[in-house]
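Student: Top line first, the protein sequences correspond to chains A and B.
Here the first sequence is numbered in our numbering, starting from 48 and rising by one per residue.
Here the second sequence is numbered in our numbering, starting from 48 and rising by one per residue.
Please note that a few of the clues may not be correct.
Claimed, not checked - Simulated coverage check for chain B against chain A, where a stretch passes if three residues somewhere in it have a Cβ under 8 Å from a Cβ of chain A:
id, segment
1, 52-65
2, 83-95
3, 274-287
4, 351-358
It should be emphasised that the hints constitute simulated quantities derived from the structure, not laboratory data.
C-beta: ideal position from N, C-alpha, C; glycine also.
Number of protein chains: 2
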Amino acid sequence: MEIEFLGTGAGSPAKARNVTSIALKLLEEINEIWLFDVGEGTQHQILRTTIKPRKIARIFITHLHGDHIFGLPGFLSSRSFQGAEKLGQLVIYGPKGIQEYVQTSLRLSQSKLTYKIKYVEIDEEGLLFENSKFQVFAARLDHRIECFGFRIVERDYPGELQVDRLRAEKVPSGPLYGKLKAGEKVVLPDGRTLNGKDYLGQPKRGRIVTILGDTRQTPNVLALAQHANALVHESTFGKDESQLAFSYYHSTNIQAAKVAQKAQVGKLFLTHISARYVGLKSLQLEKDARTVFKQTTLANDFDTFFIPFSRK
Amino acid sequence: MEIEFLGTGAGSPAKARNVTSIALKLLEEINEIWLFDVGEGTQHQILRTTIKPRKIARIFITHLHGDHIFGLPGFLSSRSFQGAEKLGQLVIYGPKGIQEYVQTSLRLSQSKLTYKIKYVEIDEEGLLFENSKFQVFAARLDHRIECFGFRIVERDYPGELQVDRLRAEKVPSGPLYGKLKAGEKVVLPDGRTLNGKDYLGQPKRGRIVTILGDTRQTPNVLALAQHANALVHESTFGKDESQLAFSYYHSTNIQAAKVAQKAQVGKLFLTHISARYVGLKSLQLEKDARTVFKQTTLANDFDTFFIPFSRK
Ligand SMILES: [Zn+2]
Ligand SMILES: [Zn+2]
Numbered sequence: 048m049e050i051e052f053l054g055t056g057a058g059s060p061a062k063a064r065n066v067t068s069i070a071l072k073l074l075e076e077i078n079e080i081w082l083f084d085v086g087e088g089t090q091h092q093i094l095r096t097t098i099k100p101r102k103i104a105r106i107f108i109t110h111l112h113g114d115h116i117f118g119l120p121g122f123l124s125s126r127s128f129q130g131a132e133k134l135g136q137l138v139i140y141g142p143k144g145i146q147e148y149v150q151t152s153l154r155l156s157q158s159k160l161t162y163k164i165k166y167v168e169i170d171e172e173g174l175l176f177e178n179s180k181f182q183v184f185a186a187r188l189d190h191r192i193e194c195f196g197f198r199i200v201e202r203d204y205p206g207e208l209q210v211d212r213l214r215a216e217k218v219p220s221g222p223l224y225g226k227l228k229a230g231e232k233v234v235l236p237d238g239r240t241l242n243g244k245d246y247l248g249q250p251k252r253g254r255i256v257t258i259l260g261d262t263r264q265t266p267n268v269l270a271l272a273q274h275a276n277a278l279v280h281e282s283t284f285g286k287d288e289s290q291l292a293f294s295y296y297h298s299t300n301i302q303a304a305k306v307a308q309k310a311q312v313g314k315l316f317l318t319h320i321s322a323r324y325v326g327l328k329s330l331q332l333e334k335d336a337r338t339v340f341k342q343t344t345l346a347n348d349f350d351t352f353f354i355p356f357s358r359k
Numbered sequence: 048m049e050i051e052f053l054g055t056g057a058g059s060p061a062k063a064r065n066v067t068s069i070a071l072k073l074l075e076e077i078n079e080i081w082l083f084d085v086g087e088g089t090q091h092q093i094l095r096t097t098i099k100p101r102k103i104a105r106i107f108i109t110h111l112h113g114d115h116i117f118g119l120p121g122f123l124s125s126r127s128f129q130g131a132e133k134l135g136q137l138v139i140y141g142p143k144g145i146q147e148y149v150q151t152s153l154r155l156s157q158s159k160l161t162y163k164i165k166y167v168e169i170d171e172e173g174l175l176f177e178n179s180k181f182q183v184f185a186a187r188l189d190h191r192i193e194c195f196g197f198r199i200v201e202r203d204y205p206g207e208l209q210v211d212r213l214r215a216e217k218v219p220s221g222p223l224y225g226k227l228k229a230g231e232k233v234v235l236p237d238g239r240t241l242n243g244k245d246y247l248g249q250p251k252r253g254r255i256v257t258i259l260g261d262t263r264q265t266p267n268v269l270a271l272a273q274h275a276n277a278l279v280h281e282s283t284f285g286k287d288e289s290q291l292a293f294s295y296y297h298s299t300n301i302q303a304a305k306v307a308q309k310a311q312v313g314k315l316f317l318t319h320i321s322a323r324y325v326g327l328k329s330l331q332l333e334k335d336a337r338t339v340f341k342q343t344t345l346a347n348d349f350d351t352f353f354i355p356f357s358r359k
């Protein structure tokens, strides 16, 4: 599980930062990549990475502001031309209006896609998606326009089968190891009955990644971020600008760091960096946030981070 | 009058070529820049040029395919943030549907612009726009979707006032030179009557620039291109692919060169170059076209050309 920042800017593209898009790479886990927001030029950014558009199976849109969605029709169209392989359905999750936006753009441009799109317009907070490996929860944030944050929860990994113990107890290897691993009861040829559950190590906690849209501080921020291994939080303003941040429905770097601290997250990534913060000034944003929460990283375009498991 | 190619690719953005956009810079003439097509990422390309978005006063859209329009909402939004100066109205000319596309995108993204947009959906061929310096004509091309080509005609420059002759004839300098220059009749203090028209040199021919959208060969191509100082023609396919070009409603480099030759244009610029033609292969497109029409240039992103006056 890796997170790759495709665009870390705010509002308009700048030379150093494109507008928002984040790729959550779940290739090892489920052979899928998920995109969070698709600002204009996201497909151009993808060209400079190893990401294959056909692997992108789900797109989550936090809100409909232009710097978060104007790259969507172009990305969807270009994805059609990628390789001869049959492309599976792509699911787009987002606030009400995302379907009209995409469908109007594709209809008027007469773009015919080689794959199906399923639209899930979010009307309720809570569980938005689940499969055998992941759950995604959505909750409302406080932006000028309807805006969501997403909490991606990896299901726990079952404990490893304690093969050494089984060998010590002279349990013959073979297909029954698979049953034990699944936690089932097994009768051995010599009459002994073993319960798989007794031979499994500690289950490993799945990871949690929280990706927020643009937002003012609001209780849902903390709820979504609780104990996340990685929290992606906007940082449109600097430490002395909390008033400005409030008026524009955004957050400061310090507010983000305080959330990270309170929610006891593993790592905080700051993004949605205004073009006013370039070079040393953007480093200062990071430095100031670290005085509150040490594990803070200011994300730059194309930065990629592995999401580590919790230590304990 | 200069033409700057902001995107010279076809279909999807590629590393070397962005999707279509062309800037016609009329800064000396009328202090305006006109854009022809606005593919996704056009605003990103503009960031790497000296073009000021607020100078862009008119946008002409050839057709609604995504690689020609998906950069429009983002460009329009970002233009709002450019400087404190009051921005004049921007006019968008294009096929039916362009207004719905832009308005839907701006409405759903809640983009509030600081300037007015006027939409001119083209329903008739012929004169589309004129002011004291320029006329723009539109005519239908033959693409899979409704598509237009544009012929931009600079009005002729009046002849220069022949000051040397006036001095030789002892005509006292002063405000009456202005009247003579405007071709008016003037009575001198000594009673002589002069007709300005007799003291004007040859008028200078205005320039003609023809910018075509994607198209198969069709009679309007030649009509629009006739005697243009510069012709911008798509070249999606190479010399041995006229069948493919026909099936996909596009043209080859050789077809473009033949038009340039028949229409007796000054210069031919090839654009809309497929990503299949990179490096030497794209140079071959140019080389092959030059066997038919010598003054051919294959345009690359950011190439800028001055449009010269006709020689005679
Ligand atoms: Zn926003
Ligand atoms: Zn086209």
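Student: Look at each hint and say if it fits the structure.
Tutor: Right, here's what the structure says about each hint:
Under the rule that three or more residues need a Cβ within less than 8 Å of chain A, the assignment of the segment 52-65 of chain B holds, with 6 such residues. Counting residues of the segment 83-95 of chain B whose beta-carbon sits less than 8 Å from any beta-carbon of chain A gives 6, enough to reach three: the coverage restraint holds. Only residues whose beta carbon comes within less than 8 Å of a beta carbon in chain A count, and the segment 274-287 of chain B has 0; fewer than three means the coverage is violated. With a cut-off of 8 Å between beta carbons, the segment 351-358 of chain B has 0 residues touching chain A; three or more are needed, and the interface restraint is violated.
In summary, the numbered hints that this structure violates are 3, 4.
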